[in-house]
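Chains A and B are the protein sequences, given in the same order. The first sequence lines up with residues 8 to 456 when you count with my numbering. The second sequence lines up with residues 8 to 456 when you count with my numbering.
In case anyone wonders, no lab produced these hints; they're calculated from the structure. One thing to keep in mind: the hints can contain errors.
Unchecked claim - For each label pair, taking beta carbons as the anchor points, the in silico distance ranges come out as:
#1 A:Asp169 with B:Asn212: 39 to 47 angstroms
#2 A:Gly190 with B:Ser103: 53 to 61 angstroms
#3 B:Asn212 with A:Val140: 43 to 51 angstroms
Said to hold, decoys possible - Coverage of chain B stretches by chain A, computed from C-beta distances (three or more under 8 angstroms per stretch; other residues unrestricted):
#4 212-220
#5 238-245
#6 387-400
The structure presented is a predicted model; accordingly, all values stated were derived computationally and were not measured. In this text, a Cβ means the ideal position worked out from N, Cα and C, and glycines have one as well.
Protein chains: 2
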Amino acid sequence: MDDLYNHIDEHANHYIAALQRLVQQPSVAAQNVGMAETAALVQEMLVGIGAEARLYDTRGGYPVVYGEVAGAAPKTLSFYNHYDVQPVEPLDLWQSDPWAAEIRDGRIWGRGTSDNKGNIAARVAAVDAYRQVRGGLPLNVKFIIEGEEEIGSPHLEHFTADHADLCRADACIWEFGGKDLEGRPVVYLGLKGICYVELRARGANQDQHSSIATSTPNPAWRLVWALASLKGPDERVLIPGFYDKVVPPTPEEVAALERMPDNEAKRLDHLGIDRFLLDLTGIELKKRDYFQPTCTISGIESGYTGQGSKTVLPSRAMAKVDMRLVADQDPHEIFALLRQHLDDEGFSDIEAILLGPEKPARTPLSATIAQVVVEAYRELYDAEPVVSPTSAGSGPWYELCARFGIDACTAGVGHARSQAHAPNENIYVDDFVRGIKHICLIMDRFARS
Amino acid sequence: MDDLYNHIDEHANHYIAALQRLVQQPSVAAQNVGMAETAALVQEMLVGIGAEARLYDTRGGYPVVYGEVAGAAPKTLSFYNHYDVQPVEPLDLWQSDPWAAEIRDGRIWGRGTSDNKGNIAARVAAVDAYRQVRGGLPLNVKFIIEGEEEIGSPHLEHFTADHADLCRADACIWEFGGKDLEGRPVVYLGLKGICYVELRARGANQDQHSSIATSTPNPAWRLVWALASLKGPDERVLIPGFYDKVVPPTPEEVAALERMPDNEAKRLDHLGIDRFLLDLTGIELKKRDYFQPTCTISGIESGYTGQGSKTVLPSRAMAKVDMRLVADQDPHEIFALLRQHLDDEGFSDIEAILLGPEKPARTPLSATIAQVVVEAYRELYDAEPVVSPTSAGSGPWYELCARFGIDACTAGVGHARSQAHAPNENIYVDDFVRGIKHICLIMDRFARS
Numbered sequence: 008m009d010d011l012y013n014h015i016d017e018h019a020n021h022y023i024a025a026l027q028r029l030v031q032q033p034s035v036a037a038q039n040v041g042m043a044e045t046a047a048l049v050q051e052m053l054v055g056i057g058a059e060a061r062l063y064d065t066r067g068g069y070p071v072v073y074g075e076v077a078g079a080a081p082k083t084l085s086f087y088n089h090y091d092v093q094p095v096e097p098l099d100l101w102q103s104d105p106w107a108a109e110i111r112d113g114r115i116w117g118r119g120t121s122d123n124k125g126n127i128a129a130r131v132a133a134v135d136a137y138r139q140v141r142g143g144l145p146l147n148v149k150f151i152i153e154g155e156e157e158i159g160s161p162h163l164e165h166f167t168a169d170h171a172d173l174c175r176a177d178a179c180i181w182e183f184g185g186k187d188l189e190g191r192p193v194v195y196l197g198l199k200g201i202c203y204v205e206l207r208a209r210g211a212n213q214d215q216h217s218s219i220a221t222s223t224p225n226p227a228w229r230l231v232w233a234l235a236s237l238k239g240p241d242e243r244v245l246i247p248g249f250y251d252k253v254v255p256p257t258p259e260e261v262a263a264l265e266r267m268p269d270n271e272a273k274r275l276d277h278l279g280i281d282r283f284l285l286d287l288t289g290i291e292l293k294k295r296d297y298f299q300p301t302c303t304i305s306g307i308e309s310g311y312t313g314q315g316s317k318t319v320l321p322s323r324a325m326a327k328v329d330m331r332l333v334a335d336q337d338p339h340e341i342f343a344l345l346r347q348h349l350d351d352e353g354f355s356d357i358e359a360i361l362l363g364p365e366k367p368a369r370t371p372l373s374a375t376i377a378q379v380v381v382e383a384y385r386e387l388y389d390a391e392p393v394v395s396p397t398s399a400g401s402g403p404w405y406e407l408c409a410r411f412g413i414d415a416c417t418a419g420v421g422h423a424r425s426q427a428h429a430p431n432e433n434i435y436v437d438d439f440v441r442g443i444k445h446i447c448l449i450m451d452r453f454a455r456s
Numbered sequence: 008m009d010d011l012y013n014h015i016d017e018h019a020n021h022y023i024a025a026l027q028r029l030v031q032q033p034s035v036a037a038q039n040v041g042m043a044e045t046a047a048l049v050q051e052m053l054v055g056i057g058a059e060a061r062l063y064d065t066r067g068g069y070p071v072v073y074g075e076v077a078g079a080a081p082k083t084l085s086f087y088n089h090y091d092v093q094p095v096e097p098l099d100l101w102q103s104d105p106w107a108a109e110i111r112d113g114r115i116w117g118r119g120t121s122d123n124k125g126n127i128a129a130r131v132a133a134v135d136a137y138r139q140v141r142g143g144l145p146l147n148v149k150f151i152i153e154g155e156e157e158i159g160s161p162h163l164e165h166f167t168a169d170h171a172d173l174c175r176a177d178a179c180i181w182e183f184g185g186k187d188l189e190g191r192p193v194v195y196l197g198l199k200g201i202c203y204v205e206l207r208a209r210g211a212n213q214d215q216h217s218s219i220a221t222s223t224p225n226p227a228w229r230l231v232w233a234l235a236s237l238k239g240p241d242e243r244v245l246i247p248g249f250y251d252k253v254v255p256p257t258p259e260e261v262a263a264l265e266r267m268p269d270n271e272a273k274r275l276d277h278l279g280i281d282r283f284l285l286d287l288t289g290i291e292l293k294k295r296d297y298f299q300p301t302c303t304i305s306g307i308e309s310g311y312t313g314q315g316s317k318t319v320l321p322s323r324a325m326a327k328v329d330m331r332l333v334a335d336q337d338p339h340e341i342f343a344l345l346r347q348h349l350d351d352e353g354f355s356d357i358e359a360i361l362l363g364p365e366k367p368a369r370t371p372l373s374a375t376i377a378q379v380v381v382e383a384y385r386e387l388y389d390a391e392p393v394v395s396p397t398s399a400g401s402g403p404w405y406e407l408c409a410r411f412g413i414d415a416c417t418a419g420v421g422h423a424r425s426q427a428h429a430p431n432e433n434i435y436v437d438d439f440v441r442g443i444k445h446i447c448l449i450m451d452r453f454a455r456s
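Let the hints inform the model, and build the full structure from the sequences given.
Put into structure tokens, the structure is as follows:
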């Protein structure tokens with residue numbers, strides 16, 4: 008593989024510049040910022056490496072950028088990525104412009120560097136390097152790059168229904184991946200599902216002087232009481248039926264968890280907290296992290312939130328509730344249970360809106376692609392790879408892979424302090440370059456497997 | 008009084024222009040916007056009517072603008088006002104620029120038109136008119152115009168301690184007042200107290216990907232649970248001792264409430280709601296509105312509050328809690344009870360900050376100034392005045408009047424749809440002009456009482 012690695016090292020600046028250009032193009036799906044421009048740019052990148060690439064309409068959502076590059080072997084490897092990124096707010100916590108893709112202290116800083124533009128750029132670069140050095144790919148490659156992952160992939164099911172043929176592959180490399188706090192590469196073999204809900208409460212027709220709160224309904228109180236009915240300080244979700252379909256981990260999965268290294272002290276230090284919820288440690292902490300669902304307030308807003316005091320009675324209140332699901336919870340069933348619970352508890356006045364439901368999915372520990380990715384990590388990195396039966400995150404793994412029987416696993420250029428979804432998102436320049444080599448090695452090995 | 012009234016009608020445009028100029032000067036104490044400029048402008052207005060006027064330092068807060076105009080009689084009437092206004096957010100709900108003081112459909116629109124610059128301008132105009140027409144005032148007048156009423160007058164106690172002599176008067180006309188939904192002038196004889204608290208919760212040192220919510224503390228949940236421990240859907244405050252010092256209304260006060268006209272249907276229609284809290288109506292509704300304390304969420308914020316979904320685990324959460332107090336609740340005692348309650352309920356991690364405490368205070372129904380103001384309203388307005396034993400609002404009535412034994416009551420140019428503290432604040436031009444006459448008549452009658 009040295010021919011490929013040398014080429015990648017020699018052209019590293021070119022590949023880094025391509026990543027910077029991609030990061031510098033904002034693409035916030037949640038805020039409808041720069042989406043068309045970014046889809047066009049990604050299509051241009053695919054065409055630039057010889058792919059037949061086009062945009063596919065998703066019937067109501069942002070287009071999927073799809074591209075194929077034919078190779079020598081009959082096998083097909085797909086790359087799932089997304090060109091949308093998280094919103095950048097709060098802006099004042101960024102140390103440099105989130106859209107500048109500034110290189111500082113050996114890292115590239117900016118929204119999307121880790122999640123997920125760094126991986127798009129590394130995969131495009133790997134295909135480019137392979138073709139430049141060897142004149143062609145060892146297998147067929149498909150790029151499936153959607154524009155709505157950060158808002159829950161609400162229209163991807165239209166793409167998979169309309170274009171099942173385009174989705175078919177022998178294996179899929181998932182959009183993210185990278186190193187843990189100890190610098191060990193981590194391979195995830197699944198994702199949690201998600202049921203993301205916006206709750207809305209209304210009171211008077213506009214904000215009022217708070218002196219009339221004696222007798223005028225307050226939507227902020229309604230919302231707080233409704234939220235408090237969902238989960239108490241013991242962290243147990245109170246929605247009846249919420250846990251009914253939760254499948255406990257198998258002995259093999261628990262064994263995999265036990266093989267995963269402990270890094271509790273580093274995680275606590277990184278987060279700036281004294282202890283984990285419920286004082287959990289060891290295998291119990293891992294079981295909760297990987298095999299338990301969550302119910303999280305991701306946002307809440309009502310009334311006056313500026314400096315100092317304003318004596319106002321709010322007319323509206325809103326909360327975002329993010330529920331991560333595990334097998335076999337179904338997001339639509341969970342949403343129905345939530346609605347029923349709110350009605351039963353006297354909160355039928357609270358409006359609930361389902362945003363981007365996703366099912367949980369997992370790849371078997373024994374899958375070939377998992378072995379190939381782990382081996383490739385082992386060869387390129389100094390530390391022993393960690394295999395995780397599932398990530399705590401979510402995405403359309405079921406929709407794009409599990410439902411077609413495609414095994415998937417992660418491989419990416421991020422690290423544990425990449426700050427995905429937070430201010431100061433970043434990746435290491437070295438990881439980006441090594442990530443390009445990693446994809447080359449995976450293509451080479453999977454073609455021969 | 009016709010000489011005065013004619014002069015006021017002839018110079019109405021001049022007085023209206025002075026009000027517009029004052030509204031056009033932003034002065035948001037909570038946001039430290041335009042405060043020095045506004046204090047200087049108000050001082051200039053007082054100097055313009057022959058007052059000895061100066062700014063008094065309040066040891067850490069915005070200055071008090073104080074002015075005296077000597078008159079014929081030994082009696083002294085003070086006017087309490089404030090030159091600060093509420094924040095204007097949310098800006099998108101205003102139909103015209105909040106700082107434009109636009110005249111439209113017979114009203115002047117803008118932040119502070121009702122609360123409280125309309126009353127400053129009307130009182131200044133009344134003194135001007137009296138001096139122009141009659142060559143001098145019938146009694147001594149004091150203007151005490153502070154800059155922190157909307158943030159709870161936190162430094163006014165320094166002014167009253169340092170300058171008790173300046174506060175002394177035979178009676179005080181309070182800062183606000185005006186007409187109810189039926190167009191009846193309302194005279195308030197007291198105020199509720201207030202204990203306005205900001206609650207803050209902290210989690211990880213920055214916002215995180217929500218997937219780690221399995222084991223990472225969420226300050227939004229902490230805050231929601233703490234808030235839910237303060238009051239439940241039955242609207243009863245759960246802080247132990249909160250109600251201990253609440254004095255029930257006297258039979259005279261209940262009789263006064265019963266004399267107050269009902270306007271429940273109009274109020275409901277104005278607010279756009281179907282019914283009052285707890286389905287209250289009639290005397291029970293009035294007793295709650297005027298003689299019961301409140302505990303109100305005036306603002307809450309955490310995490311992502313924009314459009315769509317963002318899967319974030321917030322690192323901070325904040326709420327503003329506005330508690331209106333009735334005799335004999337003390338805001339410092341209430342704050343201590345709140346702190347104790349939070350600690351007892353397991354929320355010692357929640358920080359509580361007291362912003363602008365104020366004691367409740369009431370003037371006797373029989374006070375001379377109350378009779379004078381009511382009589383003057385009766386003479387100038389078509390509708391029978393309503394006497395209310397207290398307003399549901401708050402202010403430094405105790406600090407500036409009750410503690411010096413000064414009787415106070417309200418008289419102002421607002422109306423029930425003035426939208427004080429909300430978007431589209433406004434007063435009627437006619438009410439402003441009549442309000443000038445009203446103050447002239449009050450000075451005349453109180454001098455002779």
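Within the assertion that chain A covers the region 238-245 of chain B, do at least three residues meet a Cβ-to-Cβ distance smaller than 8 angstroms? holds (count 3)
Holds or violated: the 53 to 61 angstroms window for the beta-carbon distance between Gly190 (chain A) and Ser103 (chain B)? 59 angstroms, holds
Check the following: the C-beta atoms of Asp169 (chain A) and Asn212 (chain B) are separated by a distance inside 39 to 47 angstroms. Check passed, 44 angstroms falls within 39 to 47 angstroms.
Is the hinted range of 43 to 51 angstroms satisfied by the C-beta distance from Asn212 (chain B) to Val140 (chain A)? Once the Cβ atoms are compared, 44 angstroms apart, the range 43 to 51 angstroms for Val140 (chain A) and Asn212 (chain B) holds.
How does the coverage statement for the region 212-220 of chain B fare against chain A, requiring three or more residues with Cβ below 8 angstroms from a Cβ of that chain? The restraint on the region 212-220 of chain B holds, since 9 of its residues have a Cβ under 8 angstroms from chain A and three suffice.
Coverage assertion for the region 387-400 of chain B with respect to chain A, Cβ distance below 8 angstroms, three residues required: holds (count 3)
Going down the numbered hints, you'll see the structure goes against none, and every one checks out.
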